[in-house]
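J.: Going down the list, the sequences are from chains X and L. Just so it is clear: in the first sequence, position 114 is 114 by the working numbering, and no numbers are missing. Just so it is clear: in the second sequence, position 307 is 1307 by the working numbering, and no numbers are missing.
Don't read these hints as lab results, they were simulated from the structure. Check the hints yourself; a few may be wrong.
To be verified - Taking beta-carbon pairs under 8 Å as the criterion, some of the chain L residues facing chain X (in silico): (1) Thr1120; (2) Val1121; (3) Thr1122; (4) Gly1123; (5) Pro1183.
For every residue, glycine included, the Cβ atom is placed at its ideal position computed from N, Cα and C.
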Amino acid sequence: MIIDELEKKLRPPEMELPPYPPKVITLASGEKMVVREAKREETGVLLGTIHPLMGVPKDYYDIVAARMFSEILGWYRYRVANEFVIVGAIDGVIAGIVTSRCVDENIGMSLHTLTIKRGLRIGAQLFAAKMEHHLEYIGEKEVWIVAESPIGFKRWMIEYELESAEDRYPEIRHELGGVPTYVLTRELYDAVRDQKVTGTRPVDPQVLATADRLKVPEEYPQIPGFKREK
Amino acid sequence: MMRKITIVGIGHTVFGNLSDFDLVDIMSFASANALDDADIRKERKIIEQVFVSNMGGGMINHQAGIASSLVSRIDLEPAMAELVENGPASGSSALKCAFMAIASGMVDVVMVTGGELMRTVTGWKGTDFVASLLHPEVEYNYGLTLPAFAGMFTRMYMERYGLTERELAMVAVKDHENGARNPYAHVRIPCTLEAIHDGENAHVVNNYIAEPLRLYGMCPVSDGAATLILCALDSPKMKYFKKKEPILISGIGAATDTHCIHNRKDPLELKAVRLSAERAYEMAGLKPMDISFAELHDAFVILELVISEEVGFFERGKAKEAVESGATRIDGNLPINTSGGLKSKGHPLGATGVSQVFELVKQLRGEAEEGRQVKDPKHGMAVNFGGFGNNVVTTICSKE
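Make the full structure from the sequences, and use the hints.
T.: Structural data, given as C-alpha cells:
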C-alpha cells in the first residue's frame, strides 16, 4: 500500500514494542487456553467476535464491546498509537480479548478486557497477561487503569489493590472518558504477581498451533440462542 | 399415628445471576413450575397454605410481606401464607413447618417456595448480609464472615485428621461433574484435578479465598428459587395428583447448637447435624446404611465431608477415603451431592433447602438427567445447615 503524504500525517508516531511471548494456561475445566498477541491481519475475526456483544447491556458488555471494536479498528487503520491486542483462544476459538497501549516508555494505558467464555476467570487471566506485557516485557513503570463495570472494579481495583489517582488529577488522567483513574505500579504488581499471573512457556508447538487460525465463537453465554449469520 | 405426607409437585428456576428479575418473580417461576409438575394449574386453589423461605429479602432486596406477595402474584388467594427465616436452612425449616401443618390435620395441601436474590448487591454486601447471622458482638463485630469461619474450620480439621488440599479439590471435582449435568446448576463447568490442584497454573486458576479454602472450595453466590407441593396421603385431595408418583417424606428432624462456635467444647463436632439426622432416622425407622444417596450442605467443600461423618455415613476423619475411592460419586455406593451440591449448583440461601429436597424427589422418581441418575434409589437424605451449624434440618424422602 502506498501511503500518501496526508495519510502519513494522520498516523500516530509509533514506538517499537517488544513481542509478547505466547503462553498456555490450563483453565479449571482442564481446557488449554493459548494466550498470545493478536496480529493485525486477524482484525476481521476479532471484530466478528466482538460485534454481537455490542447489543448486550448486562454487565456493561455493550459499552466495553463498542469501545473495544473501535480500538481494534483504530489499531488496524493506524489511528491509535502503540496499541497491542492479546487474545485467549481455546482450540482456536476466541475466549477473550484485551486491548492496551503505551503512552510512552514509562506509562501504559490499559484499555479494555472482554470475556466471551465465562465462569473460568478468563478475563482475570487476560488482564494479568496485559499487565505482564506492560511491566515485564515492554518495561513500563506503571499502568493507568479504569473500570466500566462492577466486575472490572472488583477484579482490578480491589484484587490488585490499585492506587487511586484521584488526588493527582489532572496530572494522571485516563483517556477513557475522564472517569476515576487507578494506577498499577511496579511495586503493587510485584506484590500480587504470583497470585495473579500464570501460564506455561514455551508453549508446546502442537498446542500453540491450535491458535494459529483464530475462530469466532459460535456460542455466547451472554446471548442465549445466538445464531451467527453465515 | 402420624399422617403420611408426600411431595406431589416440584419446581425450580435455574440458579445463577437472575438480577433482571425481582425476588417474587423468581419465586413465582418456581411455583408455577411446581403447579405444572403437579398438574394442578387450574385447580391450584386446593393449596390451603403457603410457606415461603427467604433470608435477605428485607435486608438486600428491600422487600417485606414476601409470602403475601407471592400468593397474590400466582393467584393462590385465599391460601394462608407465612415467611420462614432460618438463615441458610430457611428452606428446610419451611418444609418442616409445612410438614407439621399437614401432620396436625390443620391442612392437607401446602406449597413451600424458597428463594433468594443475592446478585443484586456487591459481593461485599452479600458476604456482609450472610455474616449478619453470626453473633453481633463477639463474632460479626470482629469482622468474621462465613468464609473466614470455614477457612479456620478446614484448617483445624486438616490438622486433626490429615486431610489435604488435594482431597478437598477431589470433592469439588466430583461435585462439578454432577453439576455440569444439572440444567439448574449455576456453574455447569466440570473441573479437573490437574487444573485446580496438580497443574502448574492451579495456584492462580484456583486461588485462595480463605486459606486453606480456595475458589473451588466454596459455593458461588447465586440467585434462584425452588418449590415443593405437599399433600397428605390420606387426603381426598390426593385425587388431583395422578400425574407423578408421590414421594414420601419419611423423616424430618431439626436441632440447634450454640450460636457462638467458641462456646462449643469441640468446634469440629457439629452436634446439631448429628441430632437432626438422628431425629430424622428415628421418624423414618431407618439407619445410615439404608440411605441410597444424599444432598449435604456443602457451602464449603469441607462441610460435605464433616456432615457425611456426623450423619453416620463414615467414621470421623474417614470421609476423605470415601471421596478417594469414588464411593460418593454417582456410580458409587453412596452418591453425595448428585445435583452438584451447593458447590456447583449454587446456594441462594432461602432456596437451598427446598432445592435439596427437589433433588431427592427427582432422583427417587427416576427423573434425573442422563449421567446423573442414581441407580434404583430407595431413600434420599438432605441436610440443610443453618448458621455455622447452629440450626440444622435433616429430611429423608422415600419411595412410597
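J.: Each hint needs a verdict: does it hold in this structure or not?
T.: Results of checking the hints against the structure:
no.: 1; hint: Thr1120; in the structure: violated (11 Å)
no.: 2; hint: Val1121; in the structure: violated (10 Å)
no.: 3; hint: Thr1122; in the structure: holds (6 Å)
no.: 4; hint: Gly1123; in the structure: holds (7 Å)
no.: 5; hint: Pro1183; in the structure: violated (13 Å)
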